[in-house]
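So the chains spell out like this:
There are 2 protein chains.
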Amino acid sequence: MDKNLKLFDAEYRFACIVWENEPIQSRQLANLCEQKFGWKRSTTYTVLRKLCERGIMKNENSIVSTLVDKKVIHQYESNTVVERTFNGSLPKFITAFLKDKKLSNEEAKKIKDLIDQYKED
Amino acid sequence: MDKNLKLFDAEYRFACIVWENEPIQSRQLANLCEQKFGWKRSTTYTVLRKLCERGIMKNENSIVSTLVDKKVIHQYESNTVVERTFNGSLPKFITAFLKDKKLSNEEAKKIKDLIDQYKED
DNA sequence: AAAACTTGTTTATTGCAATAAACTAAAATC
DNA sequence: GATTTTAGTTTATTGCAATAAACAAGTTTT
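In the order they appear, the protein sequences are chains A and B.
Using our numbering, the first residue of the first sequence is number 1251, and each one after it goes up by one.
Using our numbering, the first residue of the second sequence is number 1251, and each one after it goes up by one.
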């Protein structure tokens, strides 16, 4: 299936709730969304159904769970931003992000170690 | 002034044209937008005026120019994404971005050198 | 000075995300 | 088996981004 991984704001916040609580009863999910977002029951169901139609979640016997990992959504999201706004360049993104910021030695080391993990063998 | 630095998609694409061509006559700008986006003249003026009202551009004697550097918008944009979706963590963002990717030694070095530039003295 | 053109504003129109009300059907309870 | 509850769908409603048509006022051209 050709999943559209672009989650709109409301969808993303909703998905976070599901990721944190899955598998979860649809009823409970509606309650959570009511608490966290002030959503009416029908709103939760509408958002849920849209995501099910796109193959991102499923609702089987009133048990809701995700079909797409949060990591995959994050991957999609980060790639989209870098492509759209930074010409696909990670260094450009980092430069923009760090503008007016300073990193401690530990923070810098952490990132550099991280980068090394993605070097091709 | 309290500039709202959030540019919507159309606004951002428009701003890019201005950054690349400023200072530019409003007429020429309308022509460019017509070519690049297929916009009618009035669309260009509407978008332009919104950005002027927000202190992001100005239009003086039919000469359009920006009041906010592209870097600042990029800074805002990158910070917003990292905060909203990655809990403010740059490493988390990078991890998501690099998933399923490999970096050449040169690419890795480039990024690590970049990181070092932001270490506090 | 009338006509034509230019610049910019005011006022629609459209599309879609976000939210919810109203309804339906099945299941559980009395 | 009638009633109430639960799960989910269908059908609005609202708000706002994106786009543009229609208009106004100044400037240039004839």
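No lab work stands behind these hints, which were simulated from the structure alone.
Fair warning: there could be bad hints in the mix.
When chains are identical, the list treats them as one kind, so a pair holds in a single copy or across two.
Stated by the list, open to error - Each computed DSS-like pair below joins lysine-lysine, with the alpha-carbon atoms no more than 25 Å apart:
#1 1308 x 1352
#2 1321 x 1300
#3 1321 x 1362
#4 1300 x 1362
#5 1359 x 1300
#6 1308 x 1359
#7 1369 x 1321
#8 1351 x 1253
#9 1300 x 1342
#10 1369 x 1256
#11 1351 x 1300
#12 1320 x 1360
#13 1290 x 1308
#14 1300 x 1352
#15 1256 x 1351
#16 1351 x 1290
#17 1362 x 1290
#18 1342 x 1359
#19 1253 x 1359
Quantities reported herein were computed from a predicted structural model and do not represent experimental measurements.
Do the hints match the structure? See the list:
1. Taking the shortest Cα distances, residue 1308 and residue 1352 never come within 25 Å of each other, neither inside one copy (43 Å) nor across copies (32 Å).
2. Only within a single protomer do residue 1321 and residue 1300 lie at most 25 Å apart by alpha-carbon distance; the minimum there is 20 Å, versus 36 Å between protomers.
3. Proximity of residue 1321 and residue 1362 under a CA criterion of 25 Å is satisfied in both settings, with 21 Å inside one chain copy and 24 Å between copies.
4. Taking the shortest Cα distances, residue 1300 and residue 1362 never come within 25 Å of each other, neither inside one copy (40 Å) nor across copies (41 Å).
5. Within a single copy, residue 1359 and residue 1300 get their C-alpha atoms no closer than 42 Å, and across copies no closer than 43 Å, so neither meets the 25 Å cut-off.
6. Taking the shortest alpha-carbon separations for residue 1308 and residue 1359, neither the intra-copy value of 41 Å nor the inter-copy value of 43 Å comes in at or below 25 Å.
7. In the homo-oligomer, the alpha carbons of residue 1369 and residue 1321 lie at most 25 Å apart inside one protomer (20 Å), although the nearest pairing across protomers, at 28 Å, exceeds that limit.
8. Proximity of residue 1351 to residue 1253 under the C-alpha cut-off of 25 Å is restricted to the inter-copy arrangement: shortest distance 21 Å between copies versus 37 Å within a copy.
9. In this assembly of identical chains, residue 1300 and residue 1342 lie within 25 Å of each other by CA distance neither inside one copy nor across copies; the values are 35 Å within and 28 Å between.
10. Taking the closest pair of Cα atoms, residue 1369 and residue 1256 never come within 25 Å of each other, the shortest separation being 28 Å inside a single copy and 34 Å across copies.
11. Neither within a single protomer nor between protomers do residue 1351 and residue 1300 lie at most 25 Å apart by alpha-carbon distance, with minima of 39 Å and 30 Å respectively.
12. Taking the shortest Cα distances, residue 1320 and residue 1360 sit within 25 Å of each other inside one copy (22 Å), while across copies they are farther apart (29 Å).
13. With identical chains, the CA atoms of residue 1290 and residue 1308 are at most 25 Å apart within one copy only, with a shortest distance of 20 Å there and 43 Å across copies.
14. Proximity of residue 1300 and residue 1352 under a CA criterion of 25 Å is satisfied in neither setting, with 42 Å inside one chain copy and 34 Å between copies.
15. Proximity of residue 1256 to residue 1351 under the C-alpha cut-off of 25 Å is restricted to the inter-copy arrangement: shortest distance 20 Å between copies versus 30 Å within a copy.
16. Taking CA atoms no more than 25 Å apart as the test, residue 1351 paired with residue 1290 passes in neither setting, with 41 Å inside one copy and 41 Å between copies.
17. Within a single copy, residue 1362 and residue 1290 get their C-alpha atoms no closer than 46 Å, and across copies no closer than 48 Å, so neither meets the 25 Å cut-off.
18. Proximity of residue 1342 and residue 1359 under a CA criterion of 25 Å is satisfied in both settings, with 19 Å inside one chain copy and 14 Å between copies.
19. With identical chains, the CA atoms of residue 1253 and residue 1359 are never at most 25 Å apart, being 37 Å at best within one copy and 35 Å at best between copies.
In this structure, the earlier hints numbered 1, 4, 5, 6, 9, 10, 11, 14, 16, 17, 19 are contradicted, and the remaining ones agree with it.
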